[in-house]
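Asks: For this one, chain A is given, so just place chains B, C and D with the ligands on it according to the hints.
If you want the building blocks of each chain, they are given just below.
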Amino acid sequence: MITYLEAIRQALQEEMRRDPNVFLLGEDIGDFGGAFKVTEGLIAEFGADRVIDTPISEAGFTGMAVGAGMMGMRPVVEFQFSDFMSCAFDQITNFAAKTHYRFGVPVPVVFRAPTGGGFNGGPFHSGCLESHFVSTAGLKIVAPATVYDAKGLLKAAIRDNNPVLYLEHKYLYRRVKAELNGEDYVVPIGQAAVRTEGDRLTILTYGAMLHVCVDALKQISNTEGAVELIDLRTLVPLDKETILTSVKKTGKVLIVHEASRTGGFAGELSAIIADEAFEYLDGPVRRVTAPDIPVPFSPPLEDFYLPNADDVAQAVRELLAY
Amino acid sequence: MITYLEAIRQALQEEMRRDPNVFLLGEDIGDFGGAFKVTEGLIAEFGADRVIDTPISEAGFTGMAVGAGMMGMRPVVEFQFSDFMSCAFDQITNFAAKTHYRFGVPVPVVFRAPTGGGFNGGPFHSGCLESHFVSTAGLKIVAPATVYDAKGLLKAAIRDNNPVLYLEHKYLYRRVKAELNGEDYVVPIGQAAVRTEGDRLTILTYGAMLHVCVDALKQISNTEGAVELIDLRTLVPLDKETILTSVKKTGKVLIVHEASRTGGFAGELSAIIADEAFEYLDGPVRRVTAPDIPVPFSPPLEDFYLPNADDVAQAVRELLAY
Amino acid sequence: MGDTSIMEEVGSETLHRMLYYMKLHRFYEDRIEIVYRQGKLAGPVFLGRGQEAVGVGSAIQLGKDDYIFPSHRDLGAFFIRGMTPEAVSLQYFGRRDGPMRGRDGNTHMGDWSLNIGLFVSHMADTVPVSAGVALVLKMRKQGNTVLCYNGDGATSRGDWHEGLNLAAVMQLPVVFFCVNNQYAYSTPLHKQMAVPTVADRASGYGMPVDSVDGNDVLAVYVSARKAIQRARDGQGPSFIECLTYRMTGHGSHDDARYVPAEFFEEGKKKDPILRFVAKLKAGDMVTDGEITEMDARIMAEVEDAMAKGEAGALPEGPEALAGVFAD
Amino acid sequence: MGDTSIMEEVGSETLHRMLYYMKLHRFYEDRIEIVYRQGKLAGPVFLGRGQEAVGVGSAIQLGKDDYIFPSHRDLGAFFIRGMTPEAVSLQYFGRRDGPMRGRDGNTHMGDWSLNIGLFVSHMADTVPVSAGVALVLKMRKQGNTVLCYNGDGATSRGDWHEGLNLAAVMQLPVVFFCVNNQYAYSTPLHKQMAVPTVADRASGYGMPVDSVDGNDVLAVYVSARKAIQRARDGQGPSFIECLTYRMTGHGSHDDARYVPAEFFEEGKKKDPILRFVAKLKAGDMVTDGEITEMDARIMAEVEDAMAKGEAGALPEGPEALAGVFAD
Ligand SMILES: Cc1ncc(C[n+]2csc(CCOP(=O)(O)OP(=O)(O)O)c2C)c(N)n1
Ligand SMILES: Cc1ncc(C[n+]2csc(CCOP(=O)(O)OP(=O)(O)O)c2C)c(N)n1
Ligand SMILES: [Mg+2]
Ligand SMILES: [Mg+2]
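Protein chains in written order, with the numbering used here: chain A, 20 to 341; chain B, 20 to 341; chain C, 338 to 664; chain D, 338 to 664.
The shape of chain A in the complex, shown without the other chains (with noise of 0.2 Å):
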């Protein structure tokens, strides 16, 4: 059994050993192996030319990340905390992102977002950084919530030929775990999953919510096959089809995600099932999200702020007795 974390760390390591173009770039991830231990062990093999230590300057090292991805390379980018990332939103949403629409050079670069709450990290180190970065066109942004997918979605982001914004959850770094044969394999970028089938109400969720859902679908009895639980896993390009078809059997639809309300990616699907399957609909579209508020620190409050199985199973009966 490996966690997701290890996982993780094995797609780099079977990505890098497979392509030598691979190399990671990050603050205190050589020696000291990353604040949460991701790539421990991986300087000892493939030495400090590629696990690089960077100052603290995210700007400066995704800047770096999108020349050497122009130069054929594909860097792996690691943010010590998603939040960070605001520091280099302008290289993310304009060089990485916009260069090859406009110039027509990929830019191969992976960057690894440890993200989201559950751990009193406040309000600095617990964000859903893709409330912002979803509207940037030329940027795919994966959000993988099982052991499997956490490797596999890895791997495709690094052999994929864009900017990839890659959602790992710090909240099941070691709290999830699962048997891998150490196969190489990739989960496809774009695909969603159909965690459990059902026919009267479809969940969409991404990430650590989809435990929530799993937790919240086990507290609710006589439902057997009603609900059908879809992990979105890649939220840009989204798999608008597996949405669409679940949505149009189901008629009734619940979007659970960690990220604050106003403005979260509930909206953008929101919008694509009230148009695009509005005549499927038979109850409202809601959404289970986390207040509008940054995230706090203290455990009741954090409590608080995170939806949890509660949150979701009441919103379950009462879309299912709708």
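Take these hints with a grain of salt, some might be off.
Stated by the list, open to error - Estimated spans, in silico, between C-beta atoms of each pair:
{"#": "1", "chain 1": "B", "residue 1": "243", "chain 2": "D", "residue 2": "594", "range": "49 to 57 Å"}
{"#": "2", "chain 1": "B", "residue 1": "337", "chain 2": "D", "residue 2": "449", "range": "36 to 44 Å"}
{"#": "3", "chain 1": "B", "residue 1": "337", "chain 2": "D", "residue 2": "659", "range": "23 to 31 Å"}
{"#": "4", "chain 1": "D", "residue 1": "374", "chain 2": "A", "residue 2": "36", "range": "54 to 62 Å"}
{"#": "5", "chain 1": "C", "residue 1": "650", "chain 2": "A", "residue 2": "333", "range": "24 to 32 Å"}
{"#": "6", "chain 1": "A", "residue 1": "240", "chain 2": "B", "residue 2": "204", "range": "52 to 60 Å"}
{"#": "7", "chain 1": "B", "residue 1": "337", "chain 2": "D", "residue 2": "640", "range": "47 to 55 Å"}
{"#": "8", "chain 1": "C", "residue 1": "402", "chain 2": "A", "residue 2": "50", "range": "42 to 50 Å"}
{"#": "9", "chain 1": "B", "residue 1": "213", "chain 2": "D", "residue 2": "659", "range": "37 to 45 Å"}
{"#": "10", "chain 1": "D", "residue 1": "563", "chain 2": "C", "residue 2": "353", "range": "51 to 59 Å"}
{"#": "11", "chain 1": "A", "residue 1": "38", "chain 2": "D", "residue 2": "659", "range": "22 to 30 Å"}
{"#": "12", "chain 1": "A", "residue 1": "202", "chain 2": "B", "residue 2": "210", "range": "52 to 60 Å"}
{"#": "13", "chain 1": "D", "residue 1": "479", "chain 2": "C", "residue 2": "572", "range": "45 to 53 Å"}
{"#": "14", "chain 1": "C", "residue 1": "615", "chain 2": "B", "residue 2": "91", "range": "40 to 48 Å"}
Claimed, not checked - With a straight-line Cα cutoff of 25 Å, these simulated DSS-like cross-link-like pairs (lysine-lysine) come out:
{"#": "15", "chain 1": "C", "residue 1": "478", "chain 2": "D", "residue 2": "528"}
{"#": "16", "chain 1": "C", "residue 1": "645", "chain 2": "C", "residue 2": "377"}
{"#": "17", "chain 1": "C", "residue 1": "528", "chain 2": "A", "residue 2": "56"}
{"#": "18", "chain 1": "C", "residue 1": "616", "chain 2": "C", "residue 2": "563"}
{"#": "19", "chain 1": "B", "residue 1": "267", "chain 2": "A", "residue 2": "267"}
{"#": "20", "chain 1": "D", "residue 1": "528", "chain 2": "B", "residue 2": "56"}
{"#": "21", "chain 1": "C", "residue 1": "401", "chain 2": "C", "residue 2": "478"}
{"#": "22", "chain 1": "D", "residue 1": "606", "chain 2": "D", "residue 2": "616"}
{"#": "23", "chain 1": "A", "residue 1": "174", "chain 2": "A", "residue 2": "259"}
{"#": "24", "chain 1": "C", "residue 1": "528", "chain 2": "D", "residue 2": "478"}
{"#": "25", "chain 1": "A", "residue 1": "196", "chain 2": "A", "residue 2": "56"}
Hints listed in this document are in silico derivations from the structure and should not be mistaken for laboratory results.
All of these numbers come straight from a predicted model, not from anything done at the bench.
Every residue, glycine too, gets a C-beta built ideally from N, C-alpha and C.
Replies: Frame of chain A, contents of chains B, C and D with the ligands only:
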């Protein structure tokens, strides 16, 4: 008759006269009067201490404005183009927006963001950056479409005790004109305006697209009293009441914005409507937006990119016929 | 200037206060680390152990209407400005009545009623913000100043550059300190920059730059005094690098095994508190009895603060919703 | 080193090429400005008039596998790398077959097949990106280099700081040029920084810094040669400030009335092309006949380029949709 641009200048001038705490900060805003000449003449009246030219340091002068705001001043920051806010993304989202929540100290700063396309400015001078910012708790966002609102919303923004992102649309600067009798008024933040009343379709829009919608409606005959055209004016905090009241009356919604589609503000509007007005909907919630690409430079490309009256008229016709 | 003459100028009352705050800083952190290890705290702990001279030697000179923006390791400076040990404990324990009301943790705090600016995680973000505060002080011709502290690591960030430059070009009354503890998390100085000192890096902005032994509180005091005076006199910003030793991991979760043993040995030899005590004694500025008494008093204060911090009420979940916007 | 001996070293063929590219830069821009004033261009025009020596004196020395990231005023460097005047015109006219296929305008262009990096509006963004390119050159031990050009204004941005520092700490083969034309849009140097030269500002990074007369193409050549050699030899980055004069408004829409007349007079006196011609003549490196011939040839090339640019096909609207993502 004064222009939209002059209305902005009037608001600055009147507020600077009224309140010695108001001052301006930005690139080339002093003797030069700003890239668009919005601040022309203000340095002559208020001096270089209140109309401060800065180096090219968006993060730096944004941070300075935050510090000054914490001291009880009311700085108004001019970004030369809204696109360059991306360089100050961290200071805006983390320092300006989160300080009151964490610390209880108001940060009354206005960020003037010359927004939008329509003049062949290309990918870095034509952006609608609100999509990146709507998810930022603690940041208000306003987007005037008329001369009257340009003045009244800027005054409201300056007097507001929070950071306010003021999206002034460059395309409107010299294209819309109106009589203002020099009176001192504010347009309250958080109130939408119903521009035309109707009972069969609600259009939600803001900024330059209001005028595109008006043009579109002129194209369509025999629809007197059919379309309710709502100018949101404020994106955050949103006037949900006006929106929902209208949608509940009309049962159909078209959302029009210039920003590209995925992750745009239409998503948030759609989500609210598909949840809270679901039972009243008689048709799909449609979006007319720019496509998911950077803003291209060449005239035929940009023309194609920007939503126009034909696009809107077409969508209106379809929805009315639905 | 010799230590003796400095000490005479400073005077025994201030010297005692300096010693008191350095010790309070040290003792408080020793204690909070234990509390952390007991598993009583939800979040991490960042210590300034070994770095106490920097915040204390500088902030001690401020008047009521001056401002500070401390880094995450300048607890002594918080205390000097009037934040109580109890308040800090309430903060660490995430209590409702802490300075951030549980909304933020550890040294991510401030108290504007005490003119203590708030710390944002993103390194160096306080640099331009401090410049903005200084701009207002300049506008108001108050003759006041802002002290802004950042680590060596923070100086690699763009905001540091932009902030220093803005302060210089606008001649603002602010003093920028680099608390150069020679590490940014696990990254030693030579992997952060290609110059031997942060002072070298700061020399390109057009403000006076000084580099002092940050473990010598009197050296910090003297350098800061000059810079503060310049600021008060309208002569613009200054930069002071204080070379010091982080005698701990990055946070209390970090065993710092990447730090060579010699580093800790050297830091220990240069312990700022021991050195200061030795100087005070050499100058007959303090007696053993006074020290014993001071230690006991601080111990009691710290114990009391921990107890009160722990006893404080947690906020209730829904309180989280209030106050995103100011009225 | 005296001009004569430099010219001998460089040799007449290269000297003639330098003159040719400086003139091509100048003539092209004189012409495109007219086209702009005729209302034929959709977007703005940014000129490097008076600054031709910087890009030409440096880029002329590059080999095929070296890279450049020019600023928006370094048109001569684009030409040297092989971008044709026709391609530039197609770009200005927003044509489908221009280097950016109409997706971006004016000097916001590049051509990776010619190792010309692309310009992003956000000032200084190319600084870390160039460092990234240099990192790969270093990894590949190619002995190649990157020349990265930015204005004085760009040096106030955080990305400039971060990029320079990263290049220095990683010892990357890149040469950073500051095309110091003493203005950022309307803002003169002294309102941008509190030091007299950008070289002062660049001195804090641990790389060699030089400051040259940017209107003297031989001075630029010599300084760049040294820096390029260092880069090729694995000795890391360098910084070169080239002091020059922007003999135009910020863009062709700007009448630059904020620039004092003396500035333009001085810039005129120091015109880099006239000075170079004088030197070449003094050294018997060029004849009047050769110059007349060269001018005529360039005029014809420019005319041809304008005609072809204008004649090029515009893209069709829906073409805008393709290529957001690479396959
Ligand atoms: C922009 C940014 N990137 C990364 C981090 C994570 N981080 C927190 S503290 C730290 C090291 C800071 O080093 P330094 O500035 O020297 O301060 P010190 O901790 O040594 O006092 C890092 C990398 C951060 N807070 N901000
Ligand atoms: C981050 C950013 N802010 C503002 C601008 C708008 N702008 C374009 S060019 C320019 C002046 C640039 O000055 P400098 O770097 O000296 O280059 P020059 O134009 O003088 O060659 C400004 C402010 C920009 N492009 N990028
Ligand atoms: Mg440090
Ligand atoms: Mg310039």
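Asks: Hint by hint, say whether it matches the structure.
Replies: Results of checking the hints against the structure:
1. A C-beta distance of roughly 52 Å is found between residue 243/B and residue 594/D, which places it inside the suggested range of 49 to 57 Å.
2. Between residue 337/B and residue 449/D the beta carbon distance is about 43 Å. The supplied range of 36 to 44 Å therefore holds.
3. Between residue 337/B and residue 659/D the Cβ separation comes to about 26 Å, which falls inside the hinted range of 23 to 31 Å.
4. Range check, residue 374/D to residue 36/A: about 59 Å between beta-carbon atoms, so the 54 to 62 Å window is met.
5. Between residue 650/C and residue 333/A the C-beta distance comes to about 28 Å, which sits within the given range of 24 to 32 Å.
6. Separated by about 59 Å at the C-beta atoms, residue 240/A and residue 204/B satisfy the suggested range of 52 to 60 Å.
7. Against the hinted window of 47 to 55 Å, the Cβ-Cβ separation of residue 337/B and residue 640/D comes to about 51 Å, which satisfies the hint.
8. Judged by the Cβ atoms, the range 42 to 50 Å given for residue 402/C and residue 50/A holds: they are separated by roughly 46 Å.
9. For the pair residue 213/B and residue 659/D, the supplied restraint of 37 to 45 Å holds, since their beta-carbon distance comes to about 40 Å.
10. Roughly 58 Å separates the CB atoms of residue 563/D and residue 353/C, a value that falls within the hinted 51 to 59 Å.
11. Distance hint for residue 38/A and residue 659/D: a CB-CB separation of about 28 Å, consistent with the stated range 22 to 30 Å.
12. Remark: the range hint 52 to 60 Å for residue 202/A to residue 210/B is upheld by a beta-carbon distance near 58 Å.
13. A C-beta distance of roughly 50 Å is found between residue 479/D and residue 572/C, which places it inside the suggested range of 45 to 53 Å.
14. A hinted range of 40 to 48 Å holds for the C-beta pair residue 615/C and residue 91/B, which are about 45 Å apart.
15. With a C-alpha separation of about 21 Å, the suggested pairing of residue 478/C with residue 528/D holds against the 25 Å cut-off.
16. With a C-alpha separation of about 14 Å, the suggested pair residue 645/C and residue 377/C falls inside the 25 Å cut-off, and the hint holds.
17. Of the supplied pair hints, the one linking residue 528/C and residue 56/A holds, its CA atoms being roughly 19 Å apart against a limit of 25 Å.
18. With a C-alpha separation of about 22 Å, the suggested pairing of residue 616/C with residue 563/C holds against the 25 Å cut-off.
19. Annotation: proposed proximity of residue 267/B to residue 267/A holds, straight-line Cα distance about 24 Å (limit 25 Å).
20. About 19 Å separates the Cα atoms of residue 528/D and residue 56/B, which keeps this hinted pair within 25 Å; it holds.
21. Between the alpha carbons of residue 401/C and residue 478/C the distance comes to roughly 15 Å, so the proposed pair stays at or under 25 Å and holds.
22. Between residue 606/D and residue 616/D the CA atoms are separated by roughly 14 Å; this keeps the pair inside 25 Å, and the hint holds.
23. Distance hint between residue 174/A and residue 259/A is fulfilled; the C-alpha atoms sit about 22 Å from each other, no more than 25 Å.
24. At roughly 21 Å between alpha-carbon atoms, residue 528/C and residue 478/D fall within 25 Å of each other, so this suggested pair holds.
25. Restraint check: the Cα-Cα separation between residue 196/A and residue 56/A comes to about 16 Å, which is no more than 25 Å; the hinted pair holds.
Checked against the numbered hints given earlier, this structure breaks none of them.
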